[in-house]
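Protein chains: 2
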Amino acid sequence: MNRRAVLSSFFFAALSFAPVGNHVIADEQPLFGYSAESSRAERQWEEKLRAIPSPENLRAYMQRLSARPHHVGSPYDKDNAEWIAAKFKEFGLDTHIEQFDVLFPTPKERAVELVEGGPKFAAKLQEPALPQDLTSNQRDEQLPTYNAYSIDGDVTAQLVYVNYGIPEDYEQLDRMGISVKGKIVIARYYHSWRGIKPKVAAEHGAVGCLIFSDPHEDGFVQGETFPSGAFRPPDGVQRGSVADMPFYPGDPLTPGVGATKDAKRLKVEEAPTITKIPVLPISYADAQPLLAVLTGRVAPEGWRGGLGITYHVGPGAAKVHLKVKSNWDIKPLYDVIAKIPGSTFPDEWVIRGNHHDGWVNGAEDPISGQVAILEEARALGELVKSGWKPKRTIIYCAWDGEEPGLLGSTEWAEQHYDELRVHGVAYINSDGNGRGYLRVEGSHTLEKFSNDIAREISDPETKLSAWKRQQLREIADAKTSEQREEIRKRSDLRIPALGSGSDYTAFLQHDGVAALNIGFGGEDQGGIYHSIYDDFYWFTHFSDTDFVYGRALAQTGGTAIMRLADADLLPFEFTDFADTVQTYLKELKALSQKMQDDIRERNREIEEGVFKATDDPKRPLVPPTVETVPPHLNFAPMENAVDALSRSAAEYRKTLEHANANGGAALASASLAEVNKMLIESERKLTNAEGLPNRPWFKHQLYAPGFYTGYGVKTVPAVREAIELKKWQQADEAIIVVARVLQDEAALITSVAQKLSGGK
Amino acid sequence: MNRRAVLSSFFFAALSFAPVGNHVIADEQPLFGYSAESSRAERQWEEKLRAIPSPENLRAYMQRLSARPHHVGSPYDKDNAEWIAAKFKEFGLDTHIEQFDVLFPTPKERAVELVEGGPKFAAKLQEPALPQDLTSNQRDEQLPTYNAYSIDGDVTAQLVYVNYGIPEDYEQLDRMGISVKGKIVIARYYHSWRGIKPKVAAEHGAVGCLIFSDPHEDGFVQGETFPSGAFRPPDGVQRGSVADMPFYPGDPLTPGVGATKDAKRLKVEEAPTITKIPVLPISYADAQPLLAVLTGRVAPEGWRGGLGITYHVGPGAAKVHLKVKSNWDIKPLYDVIAKIPGSTFPDEWVIRGNHHDGWVNGAEDPISGQVAILEEARALGELVKSGWKPKRTIIYCAWDGEEPGLLGSTEWAEQHYDELRVHGVAYINSDGNGRGYLRVEGSHTLEKFSNDIAREISDPETKLSAWKRQQLREIADAKTSEQREEIRKRSDLRIPALGSGSDYTAFLQHDGVAALNIGFGGEDQGGIYHSIYDDFYWFTHFSDTDFVYGRALAQTGGTAIMRLADADLLPFEFTDFADTVQTYLKELKALSQKMQDDIRERNREIEEGVFKATDDPKRPLVPPTVETVPPHLNFAPMENAVDALSRSAAEYRKTLEHANANGGAALASASLAEVNKMLIESERKLTNAEGLPNRPWFKHQLYAPGFYTGYGVKTVPAVREAIELKKWQQADEAIIVVARVLQDEAALITSVAQKLSGGK
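Residue numbers (this note's numbering), protein chains in the order written: chain A, 1 to 760; chain B, 1 to 760.
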């Protein structure tokens, strides 16, 4: 088949924008980005692929990989890496282990004690083994309960309860006239990534931070606790990293470069992402005696948890001693990298990954995802043996050190930055898996692509396509009839943007490689996250017990990788993307307007005496003060850029339609390889070299984790966060930067369209 | 002063619609309904009145009246009535005690036991005495914890937790596939009047009902419990009536007639307002062991309380034995009635009331309100001694038997029905009092009047007027900028309509006498409602400890009574009223539209398969079934009637303005006495003889307690409840009935306007 034939027929697929819902796609309708001929072949190969993954294998892999604790630096972490590498090799992939050396603190001394203001009490800081749960008693190999990258410290101070410990909680504390300066704060998990809590506490002058799992969101309030049920038992503790990952993820000592043996390293004392104050996570059994003796103001309604006590804010007589001391060692990371070389475009890389390290036995997190990609790799290996030849190079990765700070993926993406900037087509991540709905988040240019994949996957429970089930879920959850109508009528379901919290971060936000994060969930209850109980016993009793959702994930990931690897024209689509960027612009304008309105209204209420009049003298609050009303921002550059983006996206789409209408004659001069190279650039163009203001590691101008949310995405972060932080000049400047990036993107898309239509 | 002079000058006041906010009203601006001259005099008398009430007296009265339990039929109930009567006499009022004889059951046997499915447990059903709280140990005189008018019963059955036990909770139970047929339900207090819970449970086939106070809304979750704090302690129980008061209040044996010695009585077995199943209230200490052993489905999120356990719905192995047996005795009621005769219009009655009976010592409920009206009576008595002569007859009432079912006020209002229909100008109720904001609810024709009164009262904490403080509170609480702007710009603050729950009910809803309910509150925490701890110790430690809000209530009630009693022209105002009725019409149309939209949407989702697709097979729900889309209702008759009402209200207002403009010459022929008589009719016109569909005792066509809310008002109840219950034909019929009533009201207002402008 010559190139011209390819060009003229694959545009058929480009026309198929209409949703196909739950129906079987007729063989005749080519896949998006495929010629009729290659589409037929692709469908057959994909069907073969989806028949291969086996729940029995997934179960066996999980049992093996979660049999012992396998955190960074542990013997079983290395053992697992080697076993995974052996498996990839067995499946026929060209595999090696790539090692990095990173700072990974492990606890030496830990103490939380009530020393004044109540009955003396020393927190247990220990999760008990359970007789029926055989791996829960591997104490010698388990990491103690702690928060990695807490600075060492030994402090004794009054205790203040700060709810979730996020900025708005401190605004409420200010109104209550309560300062945490010189105090130890106790915050509950949730409503932000955990690393935000000590960061914000330290910004407000606290000297220590405890983080506890409240049964309200993570324990008996939700349902039966383990081992009777899936939820967190009284002594269960959520371990986890508290490094300042929204500043930069990865090894704290080697920002921006791979942590190879001889990399230039910061000193530990210089590492900016280590916390400023000592932090420990505690169970609700350990938290209860501390919270119960707090006095002072009764906690506001939204601050009350499920402990069966009156929650108070403090401070009072209660004084707590907190001690954290770590071994600050350099530990090896073992990233397993396995390749299937591309036959046509070997320099275009389609990458798939999941991490293999866990906090303890980590059956759900991460092994439930890791086993699915092992089965994908096995299935792809089978296809290769049967004669399948992917056009592009496929790379399967099993990352180490995700838990402490996305270490393995970040170091690899930093180390291979230059290659990835040239060769990276897309990165598809998973990180655990469970019962429920297929959730896809990621680059909006892959929205249509990911919708197409979801339409191919059968939900094991309902036998609907994963796409259809998700659509019906979104209809059920929609809050307004407008939302429902959009969900019903729009060709594709919108996919949320990516913040952080897993290994896609460095690819998307540092390297500018288009990324997706996929996994099933939403019907998988759980309260064993980052505890010793996240193990094979728990998973096979309370989660995807028959591994059918594991199989579905392998089918989804495998199909997606194949379809990207085999496409004639890379399936990036820009009209959905431009549509979504328009909504971000609208949000930013509305946010800016709302801040003006809110401040203007509050000033008026201050002048009217509202706060004075409604203050209860027996429970007085500090009144707010008059604030300058924010200026109007100049959104025009961004408005023009987003319009340009919409025009170019329409042009590209029209070019595909037009090319198809006249049989592709006008495309004779177009080079498919060149066009694909340009399409790969479309995500890169959304980054800039300077990165975000004050956090240059983050290069992407559309997606970033929030500086004060940690996982949660902030789209158009430079503009949005400047507005949120009331930095008006910075917001105006950021609008110009983002506008330039979007103008460049629009120009690129226009060039692609011109190239396709034979121009240039 | 001749009548003409009066007529020409008091219309000045009618023009003063603009809000005067917090400013001192110049003596020159006459009060609404007053001539310039009588306004000046009135102001002086009112100022004298407001100087009289004394916190010390309020405190002393409370200590005396709450010194012993004083429920219906108790020795101290009679003693209090006689003491109050003696006080009224001492103040110079013409006082008598009016006795009725009513059915009042008191408990003989009570038991709640866990007999299967957990450790054997017998509920304590007893509130312990506290050493520091001296009246808490009067066990011999205390009524045990129980719900009055529970039918006798002795049942043993599985237990089901039904959340608040309101109709929507049963819809959720249906979705969960759980039936309460043959079961005992356990419901938490709140979100409906308590009598609704056994009523709805019985409608669904339950055989018994427990009602408990959950610490989430009434206990330690809210704050420190008594005696450390104001909130409900573990063994505290909320007593209360469970008679079907939304069917009719008052003595269950004498609906519609006064329960005099020789009244015709139903047999106890025939009384329709006694519950169909046995009911007992329990503390959260008694509820916890029952709820803790429930199994089955985990309670949905909104159903989870504060007990520090996993809430389950049941049923399961847990079986409960519930026994209730009462003495079904006839007991005497002692209503204290005290009068100051009117000098000019003795046949126009201005009535003020609060009840004197309590469930136990009842310091907060009702004595904190009762003592304020005692001080009002003393103050008015002082004024009379100084030469003040109210134009109208003033009647002060201290009702007995409010707690079991508004008995004293209802029997009196039934007994004196014919007189009240002729003479009743207005009834102003209180029922307890606390720290905080002046709250006024009632007849919308008295909205402007009550706003004017609130402007005269100084808030003890902020020294703002009660009106201004409330306005600023409403600005602070408003959810939208439209709401805020209305609050800022509208002349008067809207007052909520009255449902039920206190002694205004029979006056307003049976007799058609315009009514207001007034009291301060909102900063008074509490968890002693209807328990032995509602006593002098609690009140003087945790509520209006210095009785300054008691004084403010006496000032408010006294001013309101005086201003009604002395007015030249009764201060009913109809434009605010018509404006509010317009909003009710809008609500009804929106409700009808929403029910169509919701059912249409749900049907669509059923057809799309939303419920099937989103069902979790491990926790399956019963899917809803397709339902006929409701028909369009014919709102036109009501639309025309409400328009007529608005026109007539505008006409009345214009007449006042015009009459003023030409010096009142056109009014020469108008008779003030006649006009006032017509104005009194304005509330009567809103009732009809047939009453509401299926509950004829309730005559008012604009306000009623909801049949399934109990206290909460349903405005335009015949129409609104028909729509809610999906009785479309009944809704269409009710619209016609309500339209007729409103047309009659409009005609009356037009007649008043014509009479005033000299026509007839």
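Think of the hints as simulated: they come from the structure by calculation, not from any bench.
Values in this document were obtained by computation on a predicted structure and should not be read as measured data.
Mixed in with the good hints, there may be bad ones.
For chains that are exact copies, the list does not tell them apart, and a pair is met inside one copy or across any two.
[Stated by the list, open to error] Each computed PhoX-like pair below joins lysine-lysine, with the alpha-carbon atoms no more than 25 angstroms apart:
#1 Lys594 - Lys489
#2 Lys391 - Lys463
#3 Lys612 - Lys479
#4 Lys479 - Lys586
#5 Lys385 - Lys654
#6 Lys618 - Lys463
#7 Lys479 - Lys594
#8 Lys48 - Lys594
#9 Lys589 - Lys267
Verification of the hints:
When the C-alpha separation of Lys594 and Lys489 is checked against a cutoff of 25 angstroms, the pair qualifies only between copies, where the shortest distance is 22 angstroms, while the shortest distance within a copy is 30 angstroms. Taking the shortest alpha-carbon separations for Lys391 and Lys463, neither the intra-copy value of 32 angstroms nor the inter-copy value of 81 angstroms comes in at or below 25 angstroms. In the homo-oligomer, the alpha carbons of Lys612 and Lys479 lie at most 25 angstroms apart only across protomers (19 angstroms), although the nearest pairing inside one protomer, at 36 angstroms, exceeds that limit. Taking the closest pair of Cα atoms, Lys479 and Lys586 come within 25 angstroms of each other both inside a single copy (19 angstroms) and across two copies (23 angstroms).
In this assembly of identical chains, the alpha carbons of Lys385 and Lys654 never lie at most 25 angstroms apart, being 40 angstroms within a copy and 95 angstroms across copies at closest. In this homomeric assembly, Lys618 and Lys463 come within 25 angstroms of each other (Cα to Cα) only across copies, at 15 angstroms, whereas the closest approach inside a single copy is 60 angstroms. In the homo-oligomer, the alpha carbons of Lys479 and Lys594 lie at most 25 angstroms apart both inside one protomer (21 angstroms) and across protomers (14 angstroms), since each shortest distance falls under that limit. In this assembly of identical chains, Lys48 and Lys594 lie within 25 angstroms of each other by CA distance neither inside one copy nor across copies; the values are 53 angstroms within and 50 angstroms between.
Taking the closest pair of Cα atoms, Lys589 and Lys267 never come within 25 angstroms of each other, the shortest separation being 43 angstroms inside a single copy and 70 angstroms across copies.
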